[in-house]
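So the protein lines, in turn, are chains A and B.
Mapping the first sequence onto full-length UniProt numbering, position 73 (from 1) lands on 73, and the numbers just tick up by one.
Mapping the second sequence onto full-length UniProt numbering, position 48 (from 1) lands on 48, and the numbers just tick up by one.
By construction, these hints were calculated from the structure, which means they are not laboratory data.
Warning: the hint list may mix true and false statements.
[Stated by the list, open to error] Calculated pairs, BS3-like style, for lysine-lysine (alpha carbon to alpha carbon, straight line, at most 25 angstroms):
1. Lys450(A) - Lys430(A)
2. Lys212(B) - Lys386(A)
3. Lys395(A) - Lys54(B)
4. Lys177(B) - Lys411(A)
5. Lys408(A) - Lys60(B)
6. Lys115(B) - Lys395(A)
7. Lys405(A) - Lys177(B)
8. Lys291(A) - Lys230(A)
9. Lys256(B) - Lys212(B)
10. Lys395(A) - Lys72(B)
[Unchecked claim] Examples of chain B residues lying across from chain A (beta carbon under 8 angstroms, computed):
11. Pro78
12. Ser82
13. Asp163
14. Tyr180
Cβ atoms here follow ideal geometry from the backbone N, Cα and C, with glycine treated the same way.
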Amino acid sequence: MSFIGRERISSNHSVTPQKNNRVNNNTIIKNELLDEQKAEIREAFQMFDMNGDGCLDYHELKVAFRSLGFDLSKKEVLDIIKEYDMDDSRLITYDNFYKTVGEMIIRRDPIEEIRRAFKLFDVDGTGSISLRNLRKVSKDLGENLTDEELQAMIDEFDFDEDGESTKNRFMRDISKYTESHKKEIIKMKQITSMPTFQNFFPDKLPRSKQKTQFEAGIIEGDFAYISQGKHKGKIAQVLNYSTEYDTVALSNITSQKLLPKTFWPEGQTSHVMEFPDFIPRKDIKVAGKEKVDEKINYIVADEIVLKDKYYDERYKKWIPRRFIKHHENIEIPWPNPSNVLEDNELSTPEEIVMEKTFEFQSIGKSPIPSDCLNELRNPYSKYKIKKLDGLQVSKLNGVEMPMTKEQKIWKLKQEEKPKKELVPLSDDIKEFIGEKMANHLNKIESPELKLHLEHLSKLRNRDFENTMKKINGNNL
Amino acid sequence: MFRNIINLTHSLAYRQPIFNLLIRPFSITSINFTVKKQGGIKYDQTYKITKYIKKIDENKYTIGQEHPKGVKVPKSIPEFPSYKYETRFFKRQNFGLYGGLQRKRSKSSSKFLTKNLRAHLPNIQKASLWSEILNKKIKTRVSTRVLRTLTKEGGLDQYLLKDKSARIKTMGLYGWKLRYKLLKKLEQDERGYFQFENKLKPIQHITKDGRKFISSKEELLPLLYNEIQNDSYYPIKQSQMERQYSWLSYDEIVNKLDDCNVDLTRFTV
Numbered sequence: 001m002s003f004i005g006r007e008r009i010s011s012n013h014s015v016t017p018q019k020n021n022r023v024n025n026n027t028i029i030k031n032e033l034l035d036e037q038k039a040e041i042r043e044a045f046q047m048f049d050m051n052g053d054g055c056l057d058y059h060e061l062k063v064a065f066r067s068l069g070f071d072l073s074k075k076e077v078l079d080i081i082k083e084y085d086m087d088d089s090r091l092i093t094y095d096n097f098y099k100t101v102g103e104m105i106i107r108r109d110p111i112e113e114i115r116r117a118f119k120l121f122d123v124d125g126t127g128s129i130s131l132r133n134l135r136k137v138s139k140d141l142g143e144n145l146t147d148e149e150l151q152a153m154i155d156e157f158d159f160d161e162d163g164e165s166t167k168n169r170f171m172r173d174i175s176k177y178t179e180s181h182k183k184e185i186i187k188m189k190q191i192t193s194m195p196t197f198q199n200f201f202p203d204k205l206p207r208s209k210q211k212t213q214f215e216a217g218i219i220e221g222d223f224a225y226i227s228q229g230k231h232k233g234k235i236a237q238v239l240n241y242s243t244e245y246d247t248v249a250l251s252n253i254t255s256q257k258l259l260p261k262t263f264w265p266e267g268q269t270s271h272v273m274e275f276p277d278f279i280p281r282k283d284i285k286v287a288g289k290e291k292v293d294e295k296i297n298y299i300v301a302d303e304i305v306l307k308d309k310y311y312d313e314r315y316k317k318w319i320p321r322r323f324i325k326h327h328e329n330i331e332i333p334w335p336n337p338s339n340v341l342e343d344n345e346l347s348t349p350e351e352i353v354m355e356k357t358f359e360f361q362s363i364g365k366s367p368i369p370s371d372c373l374n375e376l377r378n379p380y381s382k383y384k385i386k387k388l389d390g391l392q393v394s395k396l397n398g399v400e401m402p403m404t405k406e407q408k409i410w411k412l413k414q415e416e417k418p419k420k421e422l423v424p425l426s427d428d429i430k431e432f433i434g435e436k437m438a439n440h441l442n443k444i445e446s447p448e449l450k451l452h453l454e455h456l457s458k459l460r461n462r463d464f465e466n467t468m469k470k471i472n473g474n475n476l
Numbered sequence: 001m002f003r004n005i006i007n008l009t010h011s012l013a014y015r016q017p018i019f020n021l022l023i024r025p026f027s028i029t030s031i032n033f034t035v036k037k038q039g040g041i042k043y044d045q046t047y048k049i050t051k052y053i054k055k056i057d058e059n060k061y062t063i064g065q066e067h068p069k070g071v072k073v074p075k076s077i078p079e080f081p082s083y084k085y086e087t088r089f090f091k092r093q094n095f096g097l098y099g100g101l102q103r104k105r106s107k108s109s110s111k112f113l114t115k116n117l118r119a120h121l122p123n124i125q126k127a128s129l130w131s132e133i134l135n136k137k138i139k140t141r142v143s144t145r146v147l148r149t150l151t152k153e154g155g156l157d158q159y160l161l162k163d164k165s166a167r168i169k170t171m172g173l174y175g176w177k178l179r180y181k182l183l184k185k186l187e188q189d190e191r192g193y194f195q196f197e198n199k200l201k202p203i204q205h206i207t208k209d210g211r212k213f214i215s216s217k218e219e220l221l222p223l224l225y226n227e228i229q230n231d232s233y234y235p236i237k238q239s240q241m242e243r244q245y246s247w248l249s250y251d252e253i254v255n256k257l258d259d260c261n262v263d264l265t266r267f268t269v
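Make a model of the complete structure from these sequences and hints.
Listed below in structure tokens is the structure:
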């Protein structure tokens, strides 16, 4: 993020009051200073005059100088005090303060001024202003703003959205504390925060409860009807929906806040700033605008429902449709997006951006080349099927004992022997065996033996079955 | 009656074949196992069932098979074939020709019948035995029983090269290794030798087409590696080469080299 510029600033100018010039310039000051600048000096003095006695002490003076953009050393500040210090009170009055500052403002260079303002915040010299820098400055100023507030400040001006080290693991993360502890810390911080910002920021929602603007049903550019609170009955345009706080910022509901000049956004001219209030989402109702015969009607939805999704060309997104609850024939369309970037000569055409340059992984075709797979896989995975290679097999099987002469001869003889073949019985043999069996069975007279034999014939003979299988197998 | 009991015990013994029972709590030495055959009882030859036999993996593995669980692949190809009857008791019998003789135990009894455990060790002598095939003497520890058998068989070679299962069981691990050496030497003798500068050099391999190779497999492998390296688009590591080709048989290596048209005449006689 950047306030003014990103280039690193190396020049180290500090404007010191020069005694000789001061007296002569007294009259010039009144003429040359703009009304704005005069108001500025006055505001700065009033702001840092904490006890309200019309004088600044050393510490107050130093911070006041700083807020006006002059980084003076301790010695320089003490010198200024000493010069106007008549009664050894070590204080400086408004008149004297006005004189010194006025002189310095006249003498300073506008570009140099911008540089100095930037440098004031960029304490670590990184060329950009981070939350850490801002925190240090706010601490110097004696305004112990919470990190959230500071982050909100940065986000306000963070146009390039690089977020500048918003999260640091060494940073105190309040969201991790217990509820009671958190409250205590916030309370302690608010004691020292700027009075106008006290109790200004609502509680942050946890990440799990945060909703996007489409989920919440309210978006930038919508009309909202305020149903509760001080501004009840007003209808205003939504400037912003904050997901963190679940609040909206409305166009005409603002409050005046005092801001040190260092925190001013671009175009700001005074210390008083119109700051949009945080209005909780439950206090507002979405309103639809309707034009009938050049008369504007607003339809306020008590509740809204989100139904079926569609692709919105304006947002380039799949978003749900928004209806009024119990009157679901009435749709409240989403407003046109506010900050649409227009194409110029340098922008890439849409069809090139949307062109599909990769293939999705599918069961049929993997996006990874098959040769590359082995490198990507875990070689020691327990699910990997290991297979034996030739060397491993030869190691496992080992060497074989050679055969002796006798063994070789025996083996040759075995090979010479005709192989036993199972052949189905011929019909003649079957008949012959059947005849013999029948003769034998007819001779048997004992009914017990007959019964026994019958039982035996029914028994299952595995060997017989296996042989028959082999014979049939051979035939087939 | 008595006969029946014997038959019963015998049949029980056969229910659990002794060969399959590799780990046995006690050795059985003096029981004669009877085998009932036609025409009476024939006594099987007496042999030693050694105690606590080291179990060996007799599985035959094939290339591309899934890696068996719990099987450790040895670091190198074993030098000798695995021996089925290597004992894990009285281990000195694995380092000499003991003929299956093992330490026995008995109780010595004094005059007053006090009993003490004592051991009977086999009678072991150091001897150098002449091997006709290896043409050198082999210095080992031999039991006197084996010395007697040696004289009966007619020499160490005859003792070791006998095919009977009892001999293989009793010869021990040392004998088994000697037997492998003898058989390898016999194979070498069959292949023959050639004269090289007043020295006889062995012919390493004879291919089917009759070429006689004088160099070992290890000398041919670098040639093959070179050919494969030249043929490949990518460099192949030495270890990868060895994993793929070092275990191939002599014939397979020669065939591969022939396919690459490598001149092998300088390796042949």
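To see whether the hints hold, each was checked on the structure:
Of the supplied pair hints, the one linking lysine 450(A) and lysine 430(A) holds, its CA atoms being roughly 22 angstroms apart against a limit of 25 angstroms. A C-alpha spacing of about 39 angstroms is found between lysine 212(B) and lysine 386(A), which places the hinted pair above 25 angstroms, so the restraint is violated. Restraint check for lysine 395(A) and lysine 54(B): the C-alpha separation of about 19 angstroms stays at or below 25 angstroms, so the hint holds. For the hint pairing lysine 177(B) with lysine 411(A), the CA-to-CA distance comes to about 23 angstroms; that is within 25 angstroms, so the pair holds.
Pair hint lysine 408(A) plus lysine 60(B) holds up; C-alpha atoms about 22 angstroms apart against a cutoff of 25 angstroms. Proposed proximity of lysine 115(B) and lysine 395(A) is contradicted: the alpha carbons are some 51 angstroms apart, above 25 angstroms. Between lysine 405(A) and lysine 177(B) the alpha-carbon distance is near 18 angstroms, which keeps this suggested pair within the 25 angstroms criterion. With a C-alpha separation of about 28 angstroms, the suggested pair lysine 291(A) and lysine 230(A) falls outside the 25 angstroms cut-off, and the hint is violated.
In summary, the hint linking lysine 256(B) to lysine 212(B) is supported, as the alpha carbons are separated by about 17 angstroms, within the 25 angstroms threshold. Between the alpha carbons of lysine 395(A) and lysine 72(B) the distance comes to roughly 10 angstroms, so the proposed pair stays at or under 25 angstroms and holds. Satisfaction of the interface hint for proline 78(B) is found here, the shortest Cβ-Cβ separation to chain A being roughly 4 angstroms, below the 8 angstroms cut-off. Annotation: serine 82(B) was flagged as interfacial toward chain A, and the flag holds, the nearest CB pair being 6 angstroms apart, inside 8 angstroms.
Residue-level restraint check for aspartate 163(B) holds (minimum Cβ-Cβ distance to chain A is 5 angstroms; threshold 8 angstroms). With a cut of 8 angstroms, the hint placing tyrosine 180(B) at the interface with chain A holds, because the nearest CB-to-CB distance is about 6 angstroms.
Of the hints listed earlier, those the structure fails to meet are numbers 2, 6 and 8, in rising order.
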